[in-house]
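A.B. asks: With the hints as your guide, set chain B with the ligands onto chain A.
Protein chains in written order, with numbering that gives the first Met the number 0: chain A, 0 to 291; chain B, 0 to 219.
One or more of the hints may lead you astray.
Some chain B residues flagged as far from chain A (calculated, every beta-carbon gap over 10 Å) [what the hints assert, rightly or not]:
# : residue
1 : 53
2 : 167
3 : 202
Within a straight-line C-alpha distance of at most 35 Å, the following computed DSBU-like cross-link-like pairs (lysine-lysine) qualify [stated by the list, open to error]:
#  : chain 1 : residue 1 : chain 2 : residue 2
4  : A       : 49        : A       : 192
5  : B       : 68        : A       : 199
6  : B       : 25        : B       : 121
7  : A       : 126       : A       : 79
8  : A       : 192       : A       : 17
9  : A       : 146       : A       : 169
10 : A       : 169       : A       : 99
11 : B       : 51        : A       : 199
12 : A       : 93        : A       : 103
13 : A       : 137       : A       : 127
14 : B       : 68        : B       : 25
15 : B       : 128       : A       : 17
16 : A       : 99        : A       : 143
17 : A       : 99        : A       : 146
18 : B       : 179       : B       : 66
19 : A       : 17        : A       : 78
20 : B       : 66        : A       : 192
21 : A       : 199       : B       : 128
22 : A       : 169       : A       : 199
23 : A       : 49        : A       : 143
24 : A       : 136       : A       : 146
25 : A       : 192       : A       : 126
26 : A       : 136       : A       : 124
27 : A       : 124       : A       : 99
28 : A       : 144       : A       : 99
29 : B       : 25        : A       : 192
30 : B       : 66        : A       : 199
31 : B       : 68        : A       : 192
32 : A       : 199       : B       : 121
33 : A       : 199       : B       : 17
Covered by chain B, according to a simulated footprint, are these stretches of chain A (three or more residues, beta-carbon under 8 Å) [as the list claims (entries may be wrong)]:
#  : segment
34 : 40-51
35 : 202-215
36 : 281-291
Simulated from the structure, these hints should not be mistaken for lab results.
Using N, Cα and C, we set each Cβ at its ideal position, and we do this for glycine too.
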Amino acid sequence: MYLLYSFRLAFQSLWREKWINLLSVLTIAAGLFMITLTFFVVYNIDLATKRLPARFSVMLYLDDGLSEQETGSIIAQLKKNNAVEQARYIAKDKALEELKGVLKNADYILEGIDENPLPASIEIKLKKESVNIASVKKFAAEIKKIKGIAEVEYGEQFLNSIHSIKGMAKAGSLSLIIIMSAGVIFVCYSTLKIAFYRRKEEIETFKLLGATRGFIRAPFVIEGSVLGMFGGIASMAAAFAFYYVLFYKVTATIPILKILVFPLETFPALPIVGLLLGIGGAVIALGRIRFS
Amino acid sequence: MIHFSNVTKFYENQAAIKNITFSVEKGEMVFMTGPSGAGKSTLLKIIYLSEKPDEGSVTIAEWDLSKLKESNIPFLRRNIGVVFQDFRLLDNRNVFDNVAIALRIRGMLEGEIQEWVMEILKMVNLRHKADSFSRALSGGEQQRVVIARAIVGEPTILLADEPTGNIDPDTAAGITRLFKEINARGTTVVVATHNRELYRNTGRRVFRLDSGNMVGEEIG
Ligand SMILES: Nc1ncnc2c1ncn2[C@@H]1O[C@H](COP(=O)(O)OP(=O)(O)O)[C@@H](O)[C@H]1O
Ligand SMILES: [Mg+2]
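The shape of chain A in the complex, shown without the other chains:
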């Protein structure tokens, strides 16, 4: 096999143009680092929105004067519903107590009110997968039909904003990642295109001596992989440095940032991503190799 020789050609070429190649590696590293940051932001937004469903609840206010039996049947019906994770009955007295607890020292507001004005209610926690606009709307419509339920209330605003934050973050980050990847491929492409033109004469001779497409391509693909991989390694170093500064230095002054999560275990993917993008750039730069 000629691969050993291809490696030799590739490393000779990398070394001959070491400064240009170093510049390419740094540019690739910058691109991959931006991709990492984008990923970091999206990852945290995703985590945050995943935690939110646990706080989301639907409140059902019951008609006044329902019998214990009627209330029991409502709760039983709710529990049968697939979307429901948990249903908690809050009796009139309990509701008042909770309100007093919330008001604490300001409970003088309630003085003079003889009759409990609060309705009995049921607080429903939905299953995680049902906390989205469509499911919640459908659920609300369904249970409103149950006899004895006066009103259904849920944070529509809240659901809408989670939805749009998620959507925007996804679209924005995806376009940024695509643009950055295209940029990294382009850097590899142009570096190798230059290398290819520099060796055009030599390649022509190789062809006339009977070199196959593989023999001609291999050194450039290796060069692309090496540039991409080193770019990936450099971006990995930058990402670790960023992690260190953010979590050990910045959090000392801004502790709230401690809630951010940095998926360190994904860092080793960077050299591989770089390598693949480098190969992509090389393949595009080489185009179709023709013999006649």
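C.D. replies: Coordinates of chain B with the ligands only, in the frame set by chain A:
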């Protein structure tokens, strides 16, 4: 081994060779001669697949060129050693690497390459120059490096385009001897030259070209 049948090649509406028909048998050594611009180089380029004929058919070592798949071109070329008129040496590499490249593209192991190349360099009397850069060599030495590279892969056909172009008569005589030696080992040899000294008294067939036409065949 080489068959041309009514072959024509145009360059921008101007025929470089016109309606050429000839054959070279296996193991033969023949010459193509004629003034500059007669079409000798074009004819060789068609044989080593650097140019495509516009009309007619060409068969090389049983391969019909019109039916040859592009991806098979490298494998046919490995059967054809070429001494290019413009040498095509890699000038940032030494003599050894310039000859070795013909074997490296074939995927031969470095250990074997070392042996083969040194043997061929001995044959062309350049063993002591193995580490010299090709651009530091004289014209005659460079010519011999090109010949070494052309024959190191033991091709079935050897093509030489003006192999004595700018070298002194003594060196030229040495090169002719070398070609005869290679031919004696069974390689089919085609030499394009306008230098009559090269084929005189060889007893080989000489094809004469003029303005792209085959105008005669004689014995040298
Ligand atoms: N690449 C080319 N483009 C245009 N014309 C060419 C090209 N190569 C050769 N020719 C023309 O074809 C004719 C034959 O050239 P060539 O085969 O090189 O002749 P020779 O080798 O006998 O000197 C000449 O008229 C030359 O100008
Ligand atoms: Mg010529």
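A.B. asks: Regarding the pair residue 169 of chain A and residue 99 of chain A, is the alpha-carbon distance no greater than 35 Å?
C.D. replies: violated, 43 Å
A.B. asks: Could you grab the alpha-carbon distance between residue 192 of chain A and residue 17 of chain A and see if it respects the 35 Å cut-off?
C.D. replies: holds, 16 Å
A.B. asks: Holds or violated: residue 25 of chain B and residue 121 of chain B, Cα atoms, limit 35 Å.
C.D. replies: Distance of about 27 Å is within 35 Å: holds.
A.B. asks: Taking 35 Å as the top limit, are the C-alpha atoms of residue 199 of chain A and residue 17 of chain B close enough?
C.D. replies: holds, 31 Å
A.B. asks: Between residue 99 of chain A and residue 146 of chain A, is the straight-line Cα distance small enough, at 35 Å or below?
C.D. replies: Holds, at about 30 Å.
A.B. asks: Is the Cα-Cα distance between residue 49 of chain A and residue 143 of chain A 35 Å or less?
C.D. replies: Cα-Cα ~27 Å, so holds.
A.B. asks: Can you confirm whether the C-alpha distance between residue 66 of chain B and residue 192 of chain A stays at or below 35 Å?
C.D. replies: Between residue 66 of chain B and residue 192 of chain A the Cα gap is close to 32 Å, so the pair holds against 35 Å.
A.B. asks: Please settle this one: residue 202 of chain B was flagged as non-interface, so is its CB more than 10 Å from every CB on chain A?
C.D. replies: About 31 Å separates residue 202 of chain B from the closest Cβ of chain A, which puts it past 10 Å; holds.
A.B. asks: Within a Cα-Cα threshold of 35 Å, do residue 136 of chain A and residue 124 of chain A meet the stated pairing?
C.D. replies: holds, 14 Å
A.B. asks: Does the alpha-carbon distance linking residue 144 of chain A and residue 99 of chain A stay inside the 35 Å limit?
C.D. replies: Given that 35 Å is the threshold and the Cα spacing comes to 32 Å, the pair holds.
A.B. asks: For the pair supplied as a hint, residue 146 of chain A and residue 169 of chain A, is the alpha-carbon distance within the 35 Å limit?
C.D. replies: Cα-Cα ~41 Å, so violated.
A.B. asks: Is it true that the CA of residue 199 of chain A sits at most 35 Å from the CA of residue 128 of chain B?
C.D. replies: Within the cut-off at roughly 26 Å; holds.
When held up to the earlier numbered hints, the structure conflicts with 4, 9, 10, 19, 22, 25, 29 and 34 and fits the remainder.
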